[in-house]
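My numbering puts the first residue of the sequence shown at 1, with every later residue one more than the last.
What the hints contain is simulated information worked out from the structure, not anything from laboratory work. Any given hint could be a false lead.
[What the hints assert, rightly or not] Derived DEER-like restraints, expressed as beta-carbon distance ranges: (1) P45 <-> E77: 26 to 32 angstroms; (2) P56 <-> R7: 31 to 37 angstroms; (3) D43 <-> L11: 20 to 26 angstroms; (4) G95 <-> T26: 21 to 27 angstroms; (5) G48 <-> A9: 15 to 21 angstroms; (6) D87 <-> S61: 36 to 42 angstroms; (7) G48 <-> R78: 27 to 33 angstroms; (8) V97 <-> D5: 39 to 45 angstroms; (9) R78 <-> P45: 25 to 31 angstroms; (10) R7 <-> G48: 31 to 37 angstroms.
We treat Cβ as the ideally placed atom computed from N, Cα and C, and that holds for glycine.
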Amino acid sequence: MPDRDARDAALRELKEFRVDFRACLTRWGDELFEIGDAVLCSDGPVRGLADLSLTPEHTRSHGSVQRAMNDGRIDFERLNWSFVLRDLPRGPGGGIVLAVDVTPWLRPDANTSGQRTFCHPPYSALREEKPSDQASPW
1 MPDRDARDAA LRELKEFRVD FRACLTRWGD ELFEIGDAVL CSDGPVRGLA DLSLTPEHTR
61 SHGSVQRAMN DGRIDFERLN WSFVLRDLPR GPGGGIVLAV DVTPWLRPDA NTSGQRTFCH
121 PPYSALREEK PSDQASPW
């Protein structure tokens, strides 16, 4: 468990980031901010906007979720600077701490940029072995 000073510093950093993040939400900001809290505090994957309005962190109506997603605005340049100016979280050895989601999420209908290719395997990603009659896409 980190010492009290480190914990307090981390909480200050989080509070400052949340203030900066809210300032980046230029239209429908309060609602977009609550949507962010609802996503972070939900018990599992969010499968629909209506689900967000059911979390305790979301205090507005379902309609406001829809409206904020349609009409809300984010100042992405300001948000980028907010990230750049933050201290990166460090582990005990001084290395940066990163969280990465490596969940396979196949989307064969997704568009890709012209300079890149992505080959979607024709078999289920959940199977341990591909069928012998399927050529490896890579």
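A quick look at each hint next to the structure:
Checked against the given bound of 26 to 32 angstroms, the beta carbons of P45 and E77, roughly 30 angstroms apart, stay inside it. Evaluation of the 31 to 37 angstroms hint for P56 and R7 yields a failure: the beta carbon distance comes to about 24 angstroms. About 24 angstroms separates the C-beta atoms of D43 and L11, a value consistent with the hinted range of 20 to 26 angstroms. Hint check: G95 to T26, Cβ distance near 35 angstroms, so the stated range 21 to 27 angstroms is violated.
As the Cβ distance of G48 to A9 is approximately 37 angstroms, the hint placing it in 15 to 21 angstroms is violated. In this structure the hint that D87 and S61 lie 36 to 42 angstroms apart at CB holds, the actual value being about 38 angstroms. Between G48 and R78 the Cβ separation comes to about 29 angstroms, which falls inside the hinted range of 27 to 33 angstroms. Range check, V97 to D5: about 18 angstroms between beta-carbon atoms, so the 39 to 45 angstroms window is missed.
Taken as a hint, the range 25 to 31 angstroms holds for the pair R78 and P45, whose Cβ atoms sit roughly 29 angstroms apart. Between R7 and G48 the CB atoms are about 36 angstroms apart, so this pair conforms to the stated range of 31 to 37 angstroms.
Hint check: violations occur at hints 2, 4, 5, 8; the rest are consistent with the structure.
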